[in-house]
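Visitor: Based on the hints, put chains B, C and D in the right spot on chain A.
Here is what each chain is made of, one letter per residue.
4 protein chains.
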Amino acid sequence: MDDKVKIGLIGLGRMGRIYVEALTFRIPRAELVAVADINGEAAKKIAASYRIKHWFDNYPDLLKIEGIRGVVIAASTSVHTEIIVGAAEAGKDIFCEKPVALTLKETDIALRAVKKRKVKFQAGFMRRFDRGYMVAKKKIEEGKIGKPVSFRSISRDPMCPRLDYARVSGGLIMDMAIHDFDLARWLMESEVKRVCAEGGRLVFDQLREADDIDNATINMLFSNGSLGNVEVSRNALYGYDIRTEVLGSEGGIMIGYARHTPVVLLTKKGAAHDFVPYIMERFGEAYTNELKYFVDCIYKDQDPLVAGQDGRAALEIALAATQSYKEAKPVEIPLASQ
Amino acid sequence: MDDKVKIGLIGLGRMGRIYVEALTFRIPRAELVAVADINGEAAKKIAASYRIKHWFDNYPDLLKIEGIRGVVIAASTSVHTEIIVGAAEAGKDIFCEKPVALTLKETDIALRAVKKRKVKFQAGFMRRFDRGYMVAKKKIEEGKIGKPVSFRSISRDPMCPRLDYARVSGGLIMDMAIHDFDLARWLMESEVKRVCAEGGRLVFDQLREADDIDNATINMLFSNGSLGNVEVSRNALYGYDIRTEVLGSEGGIMIGYARHTPVVLLTKKGAAHDFVPYIMERFGEAYTNELKYFVDCIYKDQDPLVAGQDGRAALEIALAATQSYKEAKPVEIPLASQ
Amino acid sequence: MDDKVKIGLIGLGRMGRIYVEALTFRIPRAELVAVADINGEAAKKIAASYRIKHWFDNYPDLLKIEGIRGVVIAASTSVHTEIIVGAAEAGKDIFCEKPVALTLKETDIALRAVKKRKVKFQAGFMRRFDRGYMVAKKKIEEGKIGKPVSFRSISRDPMCPRLDYARVSGGLIMDMAIHDFDLARWLMESEVKRVCAEGGRLVFDQLREADDIDNATINMLFSNGSLGNVEVSRNALYGYDIRTEVLGSEGGIMIGYARHTPVVLLTKKGAAHDFVPYIMERFGEAYTNELKYFVDCIYKDQDPLVAGQDGRAALEIALAATQSYKEAKPVEIPLASQ
Amino acid sequence: MDDKVKIGLIGLGRMGRIYVEALTFRIPRAELVAVADINGEAAKKIAASYRIKHWFDNYPDLLKIEGIRGVVIAASTSVHTEIIVGAAEAGKDIFCEKPVALTLKETDIALRAVKKRKVKFQAGFMRRFDRGYMVAKKKIEEGKIGKPVSFRSISRDPMCPRLDYARVSGGLIMDMAIHDFDLARWLMESEVKRVCAEGGRLVFDQLREADDIDNATINMLFSNGSLGNVEVSRNALYGYDIRTEVLGSEGGIMIGYARHTPVVLLTKKGAAHDFVPYIMERFGEAYTNELKYFVDCIYKDQDPLVAGQDGRAALEIALAATQSYKEAKPVEIPLASQ
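Residue numbers (our numbering), protein chains in the order written: chain A, 2 to 339; chain B, 2 to 339; chain C, 2 to 339; chain D, 2 to 339.
Bound-form chain A, shown alone (with noise of 0.2 Å):
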């Protein structure tokens, strides 16, 4: 366990603080050397309880630290394409959480710089490493359901976000059908070039002043032929409820936990178990494997199979959805200009 690859962390919101978890109790490989975040204090603070040498109130300074091989971007979206060029011109290999930039302008900057200075870059596109989806990868490429030919996901989330939150976030389907759009091209193996979207804002009437909606369901072309639906929903007070389903010539693959808890309690009003409650309980550990991922593309030298590339893509679809939305009827991909 010698050979520690020293990493850097910017942001430390909700994901930042998973990220610091991750980086300090579950990677061995990693050593989370400094963190750094505009609330100088927060950094601080943070540093003190894990035991890390560094924190700043500013990206720029953990930049320049000596040593540090990766920077995790957890920072608001706005500012990921202006970190993405520092990290990339400091020689730092880059992780990047999901969406690496609101617009497709910002993500071609952030990927020439990164293509520029031969970094590393992964996006965070974390349900590609959770075991369920792993394995229904792999029955896929063995071809135990045939040729894929419709895909369909589900993204519910159990509350309304934040109204600061919504307002940043890009929207619904960019905040939550883009992991959908990421899983839709790497399962279907086939790009996406068509979209229709209905959406509405049907529960949550706040959203209102964050001009933003509550439901979505998106229909897919691709480019095989292939069809697709994303539902993404805001209102599902049961629990976080992600499901995928891919039908193929010989046979289907669906991917989903209901249960939190293996239990069933039976009484007189039947039968009863929980459902997972929010996002950790279903994707904590998908979060630590990418990560762990990351640093050792870093120990080997490796390129990371979710690439800027792929963040670009799965974004392109979600402003395509959103567009059609918006205009209440199709739009094609690759999208005519932004």
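Derived by calculation from the structure, the hints in this document are not laboratory data. Model, not experiment: these values are computed from the prediction.
It does not matter which identical chain is meant; a pair holds if it fits inside one copy or across any two.
The list that follows gives simulated cross-link-like pairs (lysine to aspartate or glutamate, EDC-like), each with its CA atoms no further than 16 Å apart:
(1) K139 x D275
(2) K293 x E32
(3) K148 x D206
(4) K5 x E67
(5) K270 x E251
(6) K269 x E251
(7) K140 x D275
Guide: Leaving out everything else, chains B, C and D in the frame of chain A:
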């Protein structure tokens, strides 16, 4: 069990024979007194087997039988309209297999005759009589999931239809999704105002000859703003897969059987169970229930709840969805003209 | 459907009425021509309702009816023996509800009469005619689990029996576990050679008056060294819970329904579904199947596979288990004397 | 995260290494400062890999290390007693893998030393720290199932143990069912007063050399009259199958995972999913939780709830059940003498 309701049945294809069984053995209140089929020999043979008094090689003769109160129409869709008109004019109450017709024009002719002669009319949407769907409807009505905001339904057949059937079926969406469209209107308690479909011939090349497809995904926007999606497929080689779910403002409900027998086999290869093989294993009871309900409506002189208008509305959605797939754009309902 | 098999039915209690329904409506080959019950009025009424030709207030008169080939005995267990002897002497084939009798002595009298007159005899173990158990038996016979080495079965009723029933039932183990003992012999293909039971009156104090208990657990040792356990309970207030599993040298198999309808309700309280409420929802089809099989055996002149010896063997295990509970020690089979 | 609790670990076999991982990476409050194993080279190597300060080829030296507050004992069961006595005399708090010892006599010696020196003692029943079992315990305490009246538990291993392990394990019942006996006491809140077991060597002939069996079923009678049964088996070739259920006067509760990944594969052969492969996939989290709890008890100076008496009680049931199997008769608890 006196006062049996005398019934005549027209059309002795696959569904017709199923209805003969149900009427003879499982609906005590019914007495099947006559059957008709253009294949007179088949009618004769079935009449002998089931001890049915009369058989005919044409339906008008059947309609003349004294005492017949209700007519069950299981003939080809292409002749539904003329039989409905004839039966209505003969004063018979009518149960008609779905779809009522393949065009709105014919449907309107049929429904006008029904209205004019004030006979009862029930459309053959058997899923409404399935235990699972009935329970779900009740839960929704009781407010258990709050306001329904999102509908999803999958209908997957385990095989490609015969070409001669595919040619007259109205196509994949008309043949299969019409059931889901009826469920959508019933469970969401709102009309569909816009659909947008994608489809493709992805597995069964032979359907090219019938100009038909084997997979489709259809988005729906309801009048009240709610959303929906229906997926239909012919290539669920693993079994007959019918699942529906409704997400509401306070919860959700899912309807669907995966298993045929309650047996799990555990071996080194993992856990395995069988799947519902086909339609009668899934909806056999519902088919009996819907006819029982029809006979009860005659006996009690009540109007059936699954009325002609329901048949027409589901047809219109299916027509709009088919058009949407062909034109690759959203289609508004009501349809401009037919 | 000519050559119907004429059947007479004796005993019109709860099970008798279920058999009337099955014979009248669901077994085309059968013709129920006569019913008898000590309550003659009940017999008359049912005969009228179901258009059954003959009714009697005593069984000997029924046995005199010309043309009756098979007799279904659903009378009180206490009179099974004399009816079986009478029916055998009248040359009728016999289907007898479980248990054949409450003692081995009476059982042997009945079976001797059957043997002497060479009539067919089928014991009413309907579980063998359940789709789930039939599939499991087939898988075991195909060697899918290797050599069966361990049997487990649970039979739980959702309520306390009426005291008048409990008093004549032979007690909890005799009334409920006898089905599991039959399954054990059938699925394990070995005889039970020793049982050891624990029991108690833990929930329903009122059973003290019937000197009965409400819970028991019975260990079994089979002749071939295999092991087994049966649990029976009256207090599964959540529903009718029947589950069996067999572990083999190469795998295992589990049989059991938990759900009644295929509906899952998802709310803030978690996920909920209903449970099989009671026996007819679970074994209604099996009850029809076993009578259909009996009628077919008569029609095809075959000996039923669920024979008198099977009824006797399950009874002996139940007697041994009851004795074991009372004496708090293992009891060997065959029983020394009765 | 200051004030880390310094821990020493004795025994670096399979379980020992699992505890090393947990103490190093998953329990922030713990600091593993020393390891000991009779194989000094193994201890040295592990110490190097995990950056553990001290390593020894004997446990007394480890006990001399300043600052060690807790000792985790994962050595062979045969030396548990002497290590416990030594650790207690050195004033260390003790976590001991199950079973504490193979005889009540040794157990009593160990527990007396613990009591005398007033050190903390926790027995390694990790199932009590599994999320599923914890939820079930809570539901039972909340009265959700009324009064518990019947306990059932299955523990099935997917393979035959090595003979050298089988020889010193105390036999199948001691090795496996001891966990179920602990669950029984904990969930039923009553002591076991009588057991009656059947067992056999039915699949793995090689166990004859270790004088061990591979299957057993054990009935239990509790002090309060409740009933129970435990089945243990070595030949669940399909996976690691651990299931428990408690039936109460008002309902029931079932605990058990069948699936490993949340993936269902659907093909012409039916539906298939994988099964929990082995112990760490099932109880990995529970093993971490129990050590975390032990470390917290030291930190907060609290007595662990899973105490020495619990280890002794489960041992006594296992001894009684083993004796019952051998003598083929019920055995009362407390055991007369050892």
